[in-house]
Amino acid sequence: MIHFSCGWPQSNHMRAFRINATRPSITFCGLHFKMSKQMSWGDRRIIKEEIITEYKISYLEIIISEKIEEVLTRVLKGSQSLQQEEFKRYASGLKEDLFESSKLKQEQINHNEKLLDIGELAAKFTVSKQTVHNWIKRRIITGKKMGKGRFFSVREVEESLEKKGFRHRS
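Note that our numbering has the sequence shown beginning at 1, numbered continuously upward.
No lab work stands behind these hints, which were simulated from the structure alone. Each hint should be verified, as a subset may be incorrect.
[Said to hold, decoys possible] Computed list of lysine-lysine pairs in DSS-like fashion (alpha-carbon distance at most 30 angstroms, straight line): (1) K137 x K164; (2) K145 x K163; (3) K137 x K114; (4) K67 x K124; (5) K114 x K145.
[As the list claims (entries may be wrong)] Label pairs and their calculated CB-CB ranges: (6) E96 x T142: 25 to 31 angstroms; (7) E162 x E70: 43 to 49 angstroms; (8) E96 x E159: 25 to 31 angstroms; (9) I62 x R155: 45 to 51 angstroms; (10) I136 x E66: 53 to 59 angstroms; (11) A123 x G165: 47 to 53 angstroms; (12) S92 x S128: 49 to 55 angstroms; (13) E156 x S92: 31 to 37 angstroms.
Ideal Cβ placement from N, Cα and C applies to all residues, glycine included.
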């Protein structure tokens, strides 16, 4: 059994999930996800990252709604009026949480982007596998290492090649 834990900044909330190495399944916060035996470990890792990202977004949405509820309750009570500084502090915290939530949603969109292995990347850019290996060795491009293989986002590779001044055919 492999254990991982995941925490969020400025909070004491920690959640853990387990991946069962012998049977293809993930248990995350009490939810059990069965996976197909035909899935590669890279695919399982991507699913795990998507589950974590979705959970972070849900967590932030709960925190945001609690802050809004707290501010409205204090304002509507009337017996405790919010000081202007205190209201600004709540508002700035709320803005930070909203920004973090939108940032995580953007990351989730990026996670859904198809990743290519070295062979597929070489075919996409009409270069040899050795050229791709040379780009990696010279740190022109970087990819995500999953299991024994490396996987690349086409968009990130194109940006890296343009930034380094390489011309390519796609």
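request  = List in ascending order the numbers of the hints, as given earlier, that are violated by the structure.
outcome  = Those not satisfied are hints 4, 9, 10 and 11.
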